[in-house]
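Student: Let chain A serve as the given structure and place chain B on it in line with the hints.
Sequences listed follow chains A and B, in order.
Everything in the first sequence is counted per the numbering used here, starting at 1 for the first residue and increasing by one.
Everything in the second sequence is counted per the numbering used here, starting at 1 for the first residue and increasing by one.
Hints are not guaranteed to be accurate.
To be verified - DSS-like cross-link-like pairs, simulated, lysine-lysine; straight-line CA separation at most 25 Å:
(1) B:K212 <-> A:K103
(2) B:K18 <-> A:K188
(3) A:K255 <-> A:K179
(4) A:K117 <-> B:K218
(5) A:K166 <-> A:K188
(6) B:K69 <-> B:K6
(7) A:K120 <-> B:K21
(8) A:K260 <-> B:K85
(9) A:K251 <-> B:K60
(10) B:K127 <-> A:K117
(11) B:K60 <-> A:K256
(12) A:K120 <-> B:K6
(13) B:K69 <-> B:K21
(14) A:K120 <-> B:K117
(15) A:K120 <-> B:K18
(16) B:K60 <-> A:K302
(17) B:K68 <-> B:K85
(18) B:K127 <-> B:K85
(19) B:K173 <-> B:K69
(20) A:K120 <-> B:K5
(21) B:K18 <-> A:K179
(22) A:K252 <-> A:K302
(23) B:K208 <-> B:K140
(24) B:K168 <-> B:K117
(25) B:K208 <-> B:K117
(26) A:K103 <-> B:K85
(27) A:K302 <-> A:K256
(28) B:K212 <-> B:K226
(29) A:K103 <-> B:K140
(30) B:K140 <-> B:K173
(31) B:K168 <-> B:K213
(32) B:K168 <-> B:K68
(33) B:K18 <-> A:K103
(34) A:K252 <-> B:K60
(35) B:K208 <-> A:K117
Don't read these hints as lab results, they were simulated from the structure.
Please read these numbers as outputs of a predicted model, since none were measured by experiment.
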Amino acid sequence: MRKLKALFHPIFIFIGVQVAWIVLMAVWINWYLKNSRKFQEFAQKIRPDLFADELNWLILLEGCLLMLIILAGVYIIFVYWNKQARLNRLQSNFVSSVSHELKSPLASIQLYLETMKYQKVSREDAADFVETMLTDTERLSSLINNILASSKYDPKNMRLQFQPVKVGTFLREVVEGLKRQFNERNCKVKLEIPEDFVLSLDRRAMQMVFNNLIGNALRYSPIGAPLTIRLRKKKKFCEIDFIDRGRGLEKKDAKKIFRKFYRVTNQESQNIEGAGLGLFISKEIVRTHKGQVRVFSEGPGKGSVFTVALPLSKDSVNGGRE
Amino acid sequence: MAQAKKILVVEDESHLAKGLKFNLEREGYEVVVAGNGEAALESMSEQTFDLMVLDLMLPKMGGIEVAKKIRETDTRFPILMLSAKSTEEDRATGLEVGADDYLAKPFHLPELLLRVKGILRRWDWYKQPMHGQEIFHFGKMWINFATGKAKGCSGEFLLTAKEALVMKLLISKKGQVVTREDLLETVWGYDRETETRTVDNFIARLRKHFEKKPQKPKFIVTVREKGYQFNPDSYS
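Here chain A stands alone, though its shape is the one from the complex:
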């Protein structure tokens, strides 16, 4: 069965088509040569003008052109086919990692609910369980948001509602909202906001970017590792650095991690939760804000710095108006 499937691999089909093509051509030429005399007589009857010398060139040219068009068609089909095959593969990867991502928090919630149903649970334990379940629901909802965002937001028609937002204050709010996650990973957050800027942002979209970047920093760092978030002005941009002491990454991955569905695959990180969407979405959102996201890491094990650069407008310096 598997061998049969392998036969349908695009490359084999491509080769097969070529072979069939050549064989067909050979058969046809053979047949033509055998019957050429008849054709000639037939053609002479209908269109004697075809046998003038200069017209032969035209026919040759027409033939070549036709051949080229057919070849180009085959090539285009082949390229698209390959592309489709790659997308299918990516998607099935994505489905399996997403279903794992959804199942883990779900399993946890179910376990605690059933524990409360079937076991006698003290009041403190129950409170603890509820807290745990709430972190799981947060995880579920942020994942679902990411999935929805990645399918809905085509970067070209992302509909964002821009409004003036004080970035520093906004960042504080986001961090406050993630308090539970920080506590759970025993992570100390340091916010460095020397001055505040008013930028034109879509609050919900930008919150997603910050959530994704902070979530990544937490997941890819050992428990207890600190996280620093720094806001600063650099030329015409307001830059927000997320500095973690986590796994870091290799140079070759620095660009790829922003691709859709891309995940760094190695022994260490293979089982870290994630669907390969967060950074892709963040990049797209920041891009529609006319900014950019980039990452810097000295190498594996040395932590990484994710930077969001957002353009400053004229009246956005020094906290704007109160």
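Tutor: Just chain B, lined up with the frame of chain A:
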């Protein structure tokens, strides 16, 4: 009361690990949690456990690797696999590397507890000495139930936990017919998804070990419409 059974929970999701520990302790088991494969193997070498609850998606060393490592030295230590992967193939690979049972996440708490109980009960039953002897001889062959070693027609080999259980059940009822359902209930326990065909596959494997002509079995005989029968004296 007998000494509490000791369970090693290998799970990297701290939430699940905490919940599992809480529930298993409520059931009266002693629970140790390991957060990754290496830590699990380390605790295995330091202490003795009665059962391992093993998650498959672990950092550093995956659950399948852990099971393989354990099976290298101990073919019968009970392992209950827990995984978010729930396709038939995933189940099959899990059981192939030697899990005693496989539970897909999200799972039901009562089911998990029943399965843990079932595995431990089967393990207890298996450990009871049979007819006062650990080694059972038939023909020129023998099975050592204490070590899992056996001698078949083509030399010595190690029986897997399930193979040993099947043989033990057949031998303990030698001369009588053992139905497929009996085998399923005793060896596979509560696993509803296991089909009677699985039993047939195991019998086929055992025949390859112990029968000179697996197509014409002498020791492990099929009784039509009923099940299997073990005839130790048919050797001539």
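Student: It remains to establish, for every hint, whether it holds in the given structure.
Tutor: Results for each hint:
Note on K212 (chain B) and K103 (chain A): the hinted pairing is violated, with a Cα-Cα distance of about 48 Å set against a maximum of 25 Å. For the given pair, K18 (chain B) sits about 23 Å from K188 (chain A) by alpha-carbon distance, which is consistent with the 25 Å threshold. A C-alpha spacing of about 30 Å is found between K255 (chain A) and K179 (chain A), which places the hinted pair above 25 Å, so the restraint is violated. With a C-alpha separation of about 53 Å, the suggested pairing of K117 (chain A) with K218 (chain B) is violated against the 25 Å cut-off.
Taking the CA atoms of K166 (chain A) and K188 (chain A), the gap is about 23 Å. The hint holds against a cut of 25 Å. For the hint linking K69 (chain B) to K6 (chain B), the alpha-carbon distance of about 20 Å falls within 25 Å, and the restraint holds. As the CA atoms of K120 (chain A) and K21 (chain B) are separated by approximately 15 Å, the hinted pair is consistent with the 25 Å bound. Of the pairs offered as hints, the one joining K260 (chain A) and K85 (chain B) holds, with about 23 Å between alpha carbons and a cut-off of 25 Å not exceeded.
A hinted pair counts as satisfied when its Cα atoms are at most 25 Å apart, and K251 (chain A) with K60 (chain B) qualifies at roughly 22 Å. For the given pair, K127 (chain B) sits about 35 Å from K117 (chain A) by alpha-carbon distance, which is inconsistent with the 25 Å threshold. Simply put, K60 (chain B) and K256 (chain A) have alpha-carbon atoms about 23 Å apart, close enough for the 25 Å limit, and the pair holds. A distance of roughly 22 Å separates the Cα atoms of K120 (chain A) and K6 (chain B); the hinted pair therefore holds under the 25 Å criterion.
Distance hint between K69 (chain B) and K21 (chain B) is fulfilled; the C-alpha atoms sit about 24 Å from each other, no more than 25 Å. For the suggested pair K120 (chain A) and K117 (chain B), the alpha carbons sit about 20 Å apart, so the restraint of at most 25 Å is met. At most 25 Å may separate the alpha-carbon atoms for a hinted pair to count; K120 (chain A) and K18 (chain B) meet this at roughly 16 Å. For the given pair, K60 (chain B) sits about 18 Å from K302 (chain A) by alpha-carbon distance, which is consistent with the 25 Å threshold.
At most 25 Å may separate the alpha-carbon atoms for a hinted pair to count; K68 (chain B) and K85 (chain B) meet this at roughly 18 Å. At roughly 32 Å between alpha-carbon atoms, K127 (chain B) and K85 (chain B) are farther apart than 25 Å, so this suggested pair is violated. At most 25 Å may separate the alpha-carbon atoms for a hinted pair to count; K173 (chain B) and K69 (chain B) exceed this at roughly 33 Å. For the given pair, K120 (chain A) sits about 21 Å from K5 (chain B) by alpha-carbon distance, which is consistent with the 25 Å threshold.
In summary, the hint linking K18 (chain B) to K179 (chain A) is supported, as the alpha carbons are separated by about 20 Å, within the 25 Å threshold. Under the criterion of a C-alpha separation no larger than 25 Å, the hint pairing K252 (chain A) with K302 (chain A) is consistent with the structure, at around 15 Å. Annotation: proposed proximity of K208 (chain B) to K140 (chain B) holds, straight-line Cα distance about 15 Å (limit 25 Å). Taking the CA atoms of K168 (chain B) and K117 (chain B), the gap is about 20 Å. The hint holds against a cut of 25 Å.
Taking the CA atoms of K208 (chain B) and K117 (chain B), the gap is about 32 Å. The hint is violated against a cut of 25 Å. Only pairs whose Cα atoms come within 25 Å are accepted, and K103 (chain A) paired with K85 (chain B) is accepted, the gap being roughly 9 Å. Using a Cα cut-off of 25 Å, the hinted pair K302 (chain A) and K256 (chain A) holds, with the two alpha carbons roughly 19 Å apart. Annotation: proposed proximity of K212 (chain B) to K226 (chain B) holds, straight-line Cα distance about 24 Å (limit 25 Å).
Annotation: proposed proximity of K103 (chain A) to K140 (chain B) is violated, straight-line Cα distance about 52 Å (limit 25 Å). Between K140 (chain B) and K173 (chain B), the direct Cα distance comes to roughly 20 Å. Compliance with the 25 Å bound is thereby established for this hinted pair. Of the pairs offered as hints, the one joining K168 (chain B) and K213 (chain B) holds, with about 22 Å between alpha carbons and a cut-off of 25 Å not exceeded. In summary, the hint linking K168 (chain B) to K68 (chain B) is supported, as the alpha carbons are separated by about 24 Å, within the 25 Å threshold.
Our distance criterion of 25 Å between C-alpha atoms is met by K18 (chain B) and K103 (chain A), whose separation comes to about 17 Å. A hinted pair counts as satisfied when its Cα atoms are at most 25 Å apart, and K252 (chain A) with K60 (chain B) qualifies at roughly 22 Å. Distance restraint check for K208 (chain B) and K117 (chain A): the Cα-Cα separation of roughly 48 Å exceeds the 25 Å cut-off, and the hinted pair is therefore not satisfied.
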